[in-house]
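Sequential numbering from 3 applies to the sequence shown in this note's numbering.
No lab work stands behind these hints: they were computed from the structure. Glycine included, every Cβ here is placed at the ideal spot set by N, Cα and C. Heads up, a few of these hints could be off.
Unchecked claim - In silico DMTMM-like pairs for lysine to aspartate or glutamate, Cα to Cα no more than 25 angstroms straight-line:
id, residue 1, residue 2
1, Lys122, Glu173
2, Lys98, Asp166
3, Lys98, Glu132
4, Lys175, Glu158
5, Lys122, Glu158
6, Lys175, Asp146
7, Lys122, Asp66
8, Lys122, Asp149
9, Lys98, Glu82
10, Lys98, Glu173
11, Lys175, Glu132
12, Lys122, Asp166
13, Lys122, Asp60
14, Lys122, Glu48
15, Lys122, Glu132
16, Lys122, Asp62
17, Lys98, Asp74
18, Lys98, Asp177
19, Lys122, Glu29
20, Lys98, Asp149
21, Lys98, Glu158
22, Lys175, Glu120
23, Lys122, Asp177
24, Lys98, Asp66
Said to hold, decoys possible - Ranges between beta-carbon positions, derived for each pair:
id, residue 1, residue 2, range
25, Lys98, Leu41, 41 to 49 angstroms
26, Ala176, Gly44, 13 to 21 angstroms
27, Leu168, Gly83, 38 to 46 angstroms
28, Asp74, Glu29, 24 to 32 angstroms
29, Ala176, Thr111, 14 to 22 angstroms
30, Asp62, Leu26, 18 to 26 angstroms
31, Thr46, Asp177, 42 to 50 angstroms
32, Gly114, Arg157, 14 to 22 angstroms
33, Ala119, Thr46, 29 to 37 angstroms
34, Leu26, Gly174, 39 to 47 angstroms
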Amino acid sequence: MVNGHVYPQVDRYPLNTKYRQRILLFENLGNGTFREVGLQAGLTGERCGRGGAYADLDNDGHLDLVVNNMDDAPLVLLNEGGNGNHWLRLALQGSKSNRSAVGARATVTVAGRRAIAEVKAGSSYMSQNELVLHFGLGAATRVDVLDIRWPSGLRERFENLPADRLYSHTEGKADLP
3 MVNGHVYPQV DRYPLNTKYR QRILLFENLG NGTFREVGLQ AGLTGERCGR
53 GGAYADLDND GHLDLVVNNM DDAPLVLLNE GGNGNHWLRL ALQGSKSNRS
103 AVGARATVTV AGRRAIAEVK AGSSYMSQNE LVLHFGLGAA TRVDVLDIRW
153 PSGLRERFEN LPADRLYSHT EGKADLP
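Required output: the full structure, derived from the provided sequences and hints.
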């Protein structure tokens, strides 16, 4: 979570807030709860954050973070730790729908569990996440079903896809895997 007060003058007054604040990083525990792990990740400094975005900057399958800061350099957090879990990334391109595939929704099913992601524009204040969809698969080495619903109304289904890959798919073409 990117933090920072709107007005730098807030530091002059005895309020319960500051202009520069520590970035908060949360770990999904997989049971509907989260744990704040920013200090363990080395996020100790205070900044006036204005936007945060995620992308796989080094194409290793791990999402990295970029934070825009007011009156300061951007902060790039490369996710190099890795936990040994598997993933699937999906780059979509519309043909009948818009070219960026904004509004396309993908659902992956692995061992009876489903995860849903949607291509979105304007994902955060003063920043934009990567348009590639990312699915964490845990220990699973294959995706049982990938279902894509396009803004045009087209629905496509692919089965038995190997994990740890970036798949590129154009709407209406049978180009997976």
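Hints, verified against the model:
1. Lys122 to Glu173: holds (16 angstroms)
2. Lys98 to Asp166: The hint is violated at about 29 angstroms.
3. Lys98 to Glu132: holds (21 angstroms)
4. Lys175 to Glu158: holds (9 angstroms)
5. Lys122 to Glu158: holds (19 angstroms)
6. Lys175 to Asp146: Distance ~20 angstroms between Lys175 and Asp146 Cα, so the pair holds.
7. Lys122 to Asp66: holds (18 angstroms)
8. Lys122 to Asp149: Status holds; Cα separation ~17 angstroms.
9. Lys98 to Glu82: Distance of about 38 angstroms is beyond 25 angstroms: violated.
10. Lys98 to Glu173: Status holds; Cα separation ~7 angstroms.
11. Lys175 to Glu132: holds (23 angstroms)
12. Lys122 to Asp166: Cα-Cα ~23 angstroms, so holds.
13. Lys122 to Asp60: holds (21 angstroms)
14. Lys122 to Glu48: Not satisfied, since the Cα-Cα distance of roughly 29 angstroms exceeds 25 angstroms.
15. Lys122 to Glu132: holds (9 angstroms)
16. Lys122 to Asp62: Holds - the C-alpha atoms of Asp62 and Lys122 are around 22 angstroms apart, at most 25 angstroms.
17. Lys98 to Asp74: Roughly 42 angstroms separates the two Cα atoms, so the pair is violated.
18. Lys98 to Asp177: holds (16 angstroms)
19. Lys122 to Glu29: holds (22 angstroms)
20. Lys98 to Asp149: holds (18 angstroms)
21. Lys98 to Glu158: Status holds; Cα separation ~14 angstroms.
22. Lys175 to Glu120: Distance of about 19 angstroms is within 25 angstroms: holds.
23. Lys122 to Asp177: holds (23 angstroms)
24. Lys98 to Asp66: Violated. Lys98 to Asp66 sits at ~31 angstroms, over the 25 angstroms cutoff.
25. Lys98 to Leu41: 41 to 49 angstroms: holds (48 angstroms)
26. Ala176 to Gly44: 13 to 21 angstroms: Given about 45 angstroms between the Cβ atoms, the range is violated.
27. Leu168 to Gly83: 38 to 46 angstroms: violated (20 angstroms)
28. Asp74 to Glu29: 24 to 32 angstroms: holds (25 angstroms)
29. Ala176 to Thr111: 14 to 22 angstroms: Taking Cβ atoms as reference, Ala176 and Thr111 lie about 20 angstroms apart, which means the hint holds.
30. Asp62 to Leu26: 18 to 26 angstroms: Given about 24 angstroms between the Cβ atoms, the range holds.
31. Thr46 to Asp177: 42 to 50 angstroms: Taking Cβ atoms as reference, Thr46 and Asp177 lie about 46 angstroms apart, which means the hint holds.
32. Gly114 to Arg157: 14 to 22 angstroms: For Gly114 and Arg157 the Cβ distance comes to about 21 angstroms; the hint holds.
33. Ala119 to Thr46: 29 to 37 angstroms: Holds: the Cβ-Cβ distance is about 31 angstroms, inside 29 to 37 angstroms.
34. Leu26 to Gly174: 39 to 47 angstroms: holds (41 angstroms)
The structure shown violates the earlier hints numbered 2, 9, 14, 17, 24, 26 and 27.
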